[in-house]
Structures are given as C-alpha cells and as structure tokens.
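A.B. asks: Sequence:
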Amino acid sequence: MLVLPREIIQEIFAWLHPRQVCKHRRLSAWFLSILTELSFAVRNLKRFNPSYSAATTLSRTDSSAALLRFYLFESPVPYPEAFSLIHLSRVTELDWNDDTSLMCGIPSAAGSISNLTHCCLNSNRLTGTIPIELGRLIHLRDLDLACNLLSGAIPSSLFLRMACLESLNLAMNHLSGPLPADLYSLKGLKRLNLCGNRLNGSLSNRVGNLENLQVLNMSRNQLSGKVPVSLCRLGQLEMLYLCDNSFSGGLPFEMCGMDSIRFLYVSQAGLDADLSQPEMRAFLQSLIFHDVDVGST
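Take the sequence shown: its letters are residues 1 to 297, numbered as in this note's numbering.
Hints are computed from structural coordinates only; laboratory data are not their basis.
Glycine included, every Cβ here is placed at the ideal spot set by N, Cα and C.
Please note that the accuracy of each hint is not assured.
Stated by the list, open to error - In silico DSSO-like links for lysine-lysine, alpha-carbon gap of 30 Å or less:
#1 K190 - K226
#2 K46 - K23
#3 K187 - K226
Stated by the list, open to error - For each label pair, taking beta carbons as the anchor points, the in silico distance ranges come out as:
#4 K46 - F289: 49 to 59 Å
#5 T57 - V229: 41 to 51 Å
#6 S248 - K23: 52 to 62 Å
#7 H174 - F289: 24 to 34 Å
#8 G177 - E254: 26 to 36 Å
#9 Q277 - A55: 19 to 29 Å
#10 K187 - A55: 14 to 24 Å
#11 L16 - P178: 42 to 52 Å
#12 S248 - S114: 17 to 27 Å
#13 S53 - C104: 19 to 29 Å
#14 I8 - I132: 34 to 44 Å
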C-alpha cells in the first residue's frame, strides 16, 4: 500500500475547510497525528481566512463574532492557537460576556494573544480549569472570569509574570484549594474578587504585599485561620468583604487603625468585633457601612 509523505497529505488537506479537516481526523490515529500539527493548522487557516483582520477590541457583538467563536472557543486543538497567532496579535481587549450557550473550556490559546491587556469572559458557561497558559499574558491589566462554571485549583504559577495586573475577578465559580502563593506578588493589584467559590486554607501574611489594593472580596468561601495583621497595613483598602468563611480569633484590633476603610462586611466569618474596646467602637462608627458580628461588650 502506497503511503504518501506527511507533507503531501498536509498539502492536500490544507485545501479543505477546517470544519471538514476536523471530520477527517477520525479516519485513523495516523491522520490524527498529521492533522493536529500547529504548522498544518496555520497553513490551513491562511488558505481559508486570508483577509480576516481583527480589530484591537473583540466582543460577541462584532460582525465577525461567529468566526471568532468557532476558531477561538469551539474548534479543536491546534486551531485556536493557530488562529490567535495569525490573526489576533494586535488585539488588546477581549470581551465575551453573557453567552450562556458557550459551554466549553477557556482556550489555552488565549495565552497566545500576546498584547492582551483586558480579558473579560464574564457570565458565560465556561467549564474546566483555568489554563496555566493565561500566565503568558504579561501585559494583562484586567482579568475577569466571574460567573462561570470553572473548577479546580487556581494554578500555582498563574500570576508569576502578570506584573501589570490591576483587577482580578474569579468570583462565582467552583474553584477550590488554597490561594496560590504567587497571588501575593501582584503589587499593582487594586481589585481582587474571589467570592462565591470553595477556596480553603488561610490568608497568608504576605497579603500585606498587595499595597495598592482598594477592594478585597473573599466572601462565601471556606477560608480559615486568623486574619493576618499585615492586612491591616493596606493603606489603600476601601472595601473589605470576608463574610461567610470560617476564620478564628475575631476582628483584629489593628484594623482600628485602617483610615482608608469605608465598607466592612465580615459577618458569619468568625470575626466578631469586641465592642468593649473604645477604639473598635470608634472605628465601626467611622465607616459608611458595616456588617459585623458583635462579640463581648
């Protein structure tokens, strides 16, 4: 039986539409290995989308949204990465929100959109784990994956290269496990929202490294241990949400010195306020709003 070289097979199949190529992958493991090479996907896409030019901002309301949805979210590996490398190098903002029919994982190829500064995939039905490849987005300032069906742990080295990150929203998913250590290295972070997950373990004393933090929301998780005193040294913090956790030790006395705090939500968290301390009473009275359980008086 004559077996054509891989290069010839790829050249032939490159003339088929990518949707048809995906069907032919099922012929055998040999075809599968040939048709899943990144170099082939790049060649195939250049044949069928030579004139596509993405704007710097992409959203599901764009005229080319159907094309983007297929190649970035729905097509099999390696088409999402090939599409990102060929067409999305200029993209700085990706907004794909409120699409409840989008039931798939976050494409690891999103990590190849090298100039991305804003990534908002809020309120879809995205499943699976957060791909570690997102950690390649070194220019990212805003990452919003809230209100999806994501599960598993937050990858332990996801934030090592995200020095520009200012806003991180992973709220209302099914994420579990402890907070990754590299999260505390994000010194430029201003807003951190991880509420409504299944995160456990404790807040590290390194939370004090987040010196520019303005909003911290860890409500409705399974966090435990004492609130570290270093949190009370966050001079920019205006809003603190720790409700519905399993902390111990009560509300730290050092929090009374947090002049920047305006909103404090720590009920049902094991963080009772001791109102026998006049400093604590004065602190709570200075706030615009507080939801605090009261301990000894």
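A.B. asks: Starting from the range 14 to 24 Å, see whether the pair K187 and A55 falls in it by beta-carbon distance.
C.D. replies: Violated, since K187 and A55 (Cβ atoms, about 32 Å apart) do not stay within the stated range.
A.B. asks: May I ask you to test the hint 49 to 59 Å on the CB atoms belonging to K46 and F289?
C.D. replies: 56 Å, holds
A.B. asks: Taking 41 to 51 Å as the hint, is the beta-carbon distance of T57 and V229 inside that range?
C.D. replies: 43 Å, holds
A.B. asks: Are S248 and K23 spaced within 52 to 62 Å by their CB atoms?
C.D. replies: At roughly 58 Å between Cβ atoms, K23 and S248 fall inside 52 to 62 Å, so the hint holds.
A.B. asks: Verify the CB-CB distance for I8 and I132 against the hinted window 34 to 44 Å.
C.D. replies: Taking Cβ atoms as reference, I8 and I132 lie about 36 Å apart, which means the hint holds.
A.B. asks: That 24 to 34 Å hint for H174 and F289 (C-beta), does it hold up?
C.D. replies: 29 Å, holds
A.B. asks: Confirm or reject the claim that G177 and E254 have a C-beta distance inside 26 to 36 Å.
C.D. replies: At roughly 28 Å between Cβ atoms, E254 and G177 fall inside 26 to 36 Å, so the hint holds.
A.B. asks: How does the Cβ-Cβ distance of L16 and P178 compare with 42 to 52 Å: does it lie in that range?
C.D. replies: 47 Å, holds
A.B. asks: Using the C-beta atoms of Q277 and A55, is the stated range 19 to 29 Å upheld?
C.D. replies: Between Q277 and A55, where Cβ atoms are some 57 Å apart, the hint is violated.
A.B. asks: Is the hinted pair K46 and K23 satisfied, with a Cα-Cα distance of at most 30 Å?
C.D. replies: Holds, at roughly 19 Å.
A.B. asks: For the pair we were handed, K190 and K226, check the Cα-Cα distance against 30 Å.
C.D. replies: 23 Å, holds
A.B. asks: That 19 to 29 Å hint for S53 and C104 (C-beta), does it hold up?
C.D. replies: 25 Å, holds
Checked against the numbered hints given earlier, the structure breaks hints 9, 10 and 12 and satisfies all the rest.
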